[in-house]
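Enquirer: Could you put the whole structure together from the sequences, leaning on the hints where they help?
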Amino acid sequence: MALLHKIGQVLTTDLTKDLKFKKNHAEDLQQTTFIDQLKKRRSIYVLGKRVHLSQVYLAELIQYAVWTCLADAGLGASLQHYNPSIDADISKVFEIPKHWLLRAQLVFGSIEEKAAEKEHYKDEERFMIYA
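Numbering (numbering that gives the first Met the number 0), first residue to last: 0 to 130.
None of these hints come from the bench; they were simulated from the model. Glycine residues also receive a C-beta, built at the ideal position from the N, C-alpha and C atoms. Each statement offered as a hint is correct.
Cβ-Cβ distance ranges computed for the label pairs, FRET-style: (1) Asn82 to Ser53: 17 to 23 Å; (2) Phe93 to Glu59: 19 to 25 Å; (3) Tyr129 to Asn82: 25 to 31 Å.
The list that follows gives simulated cross-link-like pairs (lysine to any residue, SDA-like), each with its CA atoms no further than 20 Å apart: (4) Lys91 to Arg102; (5) Lys113 to Ala70; (6) Lys91 to Tyr81; (7) Lys97 to Val55; (8) Lys91 to His80; (9) Lys97 to Ile85; (10) Lys113 to Leu74; (11) Lys91 to Gln79; (12) Lys97 to Asp86; (13) Lys113 to Gly73; (14) Lys113 to Leu69; (15) Lys97 to Ser84; (16) Lys97 to Pro83; (17) Lys113 to Asp71; (18) Lys97 to Ala87; (19) Lys113 to Trp66; (20) Lys91 to Gln104; (21) Lys117 to Ser77; (22) Lys97 to Ala58.
Expert: The structure is reproduced here in C-alpha coordinates:
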(Lines of atoms letter the chains of each structure in order from A and count residues from 1; the text may use other names and numbers.)
(Lines give C-alpha, C1' and ligand atoms only; values in the text may rest on other atoms or scores of the structure.)
Protein backbone atom coordinates (compact mmCIF):
# COMPACT_ATOMS: atom_id res chain seq x y z
CA MET A 1 0.00 0.00 0.00
CA ALA A 2 2.91 2.32 0.72
CA LEU A 3 4.10 1.83 -2.86
CA LEU A 4 0.72 2.86 -4.29
CA HIS A 5 0.71 5.91 -2.01
CA LYS A 6 4.20 6.86 -3.21
CA ILE A 7 3.23 6.40 -6.88
CA GLY A 8 0.14 8.53 -6.24
CA GLN A 9 2.34 11.29 -4.82
CA VAL A 10 4.55 11.24 -7.92
CA LEU A 11 1.62 11.34 -10.32
CA THR A 12 -0.39 14.01 -8.46
CA THR A 13 2.35 16.39 -7.35
CA ASP A 14 1.36 19.94 -8.21
CA LEU A 15 4.17 21.18 -10.45
CA THR A 16 2.39 24.34 -11.51
CA LYS A 17 -1.03 25.90 -11.23
CA ASP A 18 -1.26 25.71 -15.03
CA LEU A 19 -1.71 21.96 -14.83
CA LYS A 20 -4.81 22.09 -12.60
CA PHE A 21 -8.06 21.38 -14.41
CA LYS A 22 -11.51 22.35 -13.23
CA LYS A 23 -14.04 19.55 -13.17
CA ASN A 24 -16.58 19.93 -15.91
CA HIS A 25 -19.43 17.45 -16.24
CA ALA A 26 -19.41 17.78 -20.03
CA GLU A 27 -15.72 16.77 -20.10
CA ASP A 28 -16.50 13.72 -17.96
CA LEU A 29 -18.81 12.49 -20.70
CA GLN A 30 -16.24 13.02 -23.43
CA GLN A 31 -12.94 11.34 -22.62
CA THR A 32 -9.87 13.30 -23.68
CA THR A 33 -6.19 12.63 -23.25
CA PHE A 34 -4.04 14.58 -20.83
CA ILE A 35 -2.23 16.24 -23.75
CA ASP A 36 -5.55 17.33 -25.30
CA GLN A 37 -6.52 18.93 -22.00
CA LEU A 38 -3.18 20.74 -21.86
CA LYS A 39 -3.66 22.06 -25.40
CA LYS A 40 -6.98 23.65 -24.38
CA ARG A 41 -5.26 25.89 -21.84
CA ARG A 42 -3.92 29.19 -23.09
CA SER A 43 -1.13 29.34 -20.48
CA ILE A 44 0.25 26.00 -21.63
CA TYR A 45 1.85 27.69 -24.64
CA VAL A 46 4.10 29.67 -22.27
CA LEU A 47 4.90 26.51 -20.31
CA GLY A 48 5.57 24.62 -23.55
CA LYS A 49 8.33 27.05 -24.47
CA ARG A 50 10.17 26.08 -21.29
CA VAL A 51 9.30 22.37 -21.09
CA HIS A 52 9.02 19.88 -23.94
CA LEU A 53 5.55 18.35 -23.58
CA SER A 54 5.25 15.59 -26.13
CA GLN A 55 3.23 12.50 -25.21
CA VAL A 56 6.25 10.25 -25.49
CA TYR A 57 8.36 12.49 -23.26
CA LEU A 58 5.67 12.65 -20.56
CA ALA A 59 5.22 8.88 -20.70
CA GLU A 60 8.96 8.38 -20.26
CA LEU A 61 9.03 10.69 -17.24
CA ILE A 62 6.14 8.84 -15.61
CA GLN A 63 7.70 5.43 -16.37
CA TYR A 64 10.98 6.56 -14.81
CA ALA A 65 9.22 7.96 -11.72
CA VAL A 66 7.23 4.75 -11.19
CA TRP A 67 10.30 2.58 -11.80
CA THR A 68 12.24 4.64 -9.23
CA CYS A 69 9.45 4.18 -6.66
CA LEU A 70 9.44 0.44 -7.30
CA ALA A 71 13.23 0.23 -6.89
CA ASP A 72 13.00 2.29 -3.69
CA ALA A 73 10.48 -0.26 -2.37
CA GLY A 74 12.89 -3.12 -3.17
CA LEU A 75 11.03 -4.38 -6.23
CA GLY A 76 12.53 -5.27 -9.60
CA ALA A 77 11.03 -4.08 -12.88
CA SER A 78 11.31 -4.69 -16.60
CA LEU A 79 9.94 -2.25 -19.17
CA GLN A 80 8.56 -4.12 -22.20
CA HIS A 81 7.77 -2.04 -25.31
CA TYR A 82 4.87 -3.02 -27.53
CA ASN A 83 4.93 -3.67 -31.25
CA PRO A 84 2.04 -1.74 -32.89
CA SER A 85 1.00 -4.84 -34.84
CA ILE A 86 -0.40 -6.45 -31.65
CA ASP A 87 -2.21 -3.38 -30.26
CA ALA A 88 -5.68 -4.51 -31.36
CA ASP A 89 -5.30 -7.99 -29.84
CA ILE A 90 -3.91 -6.64 -26.55
CA SER A 91 -6.73 -4.07 -26.37
CA LYS A 92 -9.34 -6.83 -26.75
CA VAL A 93 -7.79 -9.21 -24.21
CA PHE A 94 -7.36 -6.59 -21.48
CA GLU A 95 -10.42 -4.48 -22.44
CA ILE A 96 -8.32 -1.34 -22.90
CA PRO A 97 -10.21 1.77 -24.14
CA LYS A 98 -9.65 2.46 -27.86
CA HIS A 99 -8.41 6.02 -27.25
CA TRP A 100 -5.45 4.73 -25.19
CA LEU A 101 -2.08 4.33 -26.90
CA LEU A 102 -0.16 1.18 -26.04
CA ARG A 103 3.50 2.08 -25.66
CA ALA A 104 4.93 -0.22 -23.01
CA GLN A 105 4.20 -2.46 -20.05
CA LEU A 106 6.14 -2.19 -16.80
CA VAL A 107 6.29 -5.67 -15.30
CA PHE A 108 7.37 -5.66 -11.66
CA GLY A 109 7.75 -8.02 -8.72
CA SER A 110 10.12 -9.34 -6.09
CA ILE A 111 13.81 -9.75 -6.94
CA GLU A 112 14.42 -13.51 -6.74
CA GLU A 113 18.07 -13.45 -7.80
CA LYS A 114 20.68 -10.93 -8.81
CA ALA A 115 20.76 -10.11 -12.53
CA ALA A 116 23.52 -11.89 -14.44
CA GLU A 117 26.40 -9.84 -15.76
CA LYS A 118 26.01 -8.87 -19.40
CA GLU A 119 28.65 -9.90 -21.85
CA HIS A 120 30.25 -6.82 -23.39
CA TYR A 121 31.80 -6.99 -26.83
CA LYS A 122 34.70 -4.88 -27.97
CA ASP A 123 33.77 -1.91 -30.16
CA GLU A 124 35.72 -3.46 -33.04
CA GLU A 125 33.38 -6.47 -32.94
CA ARG A 126 30.15 -4.47 -32.57
CA PHE A 127 30.76 -1.74 -35.13
CA MET A 128 31.97 -2.32 -38.65
CA ILE A 129 32.89 0.38 -41.11
CA TYR A 130 32.81 -0.34 -44.82
CA ALA A 131 34.46 2.24 -46.99
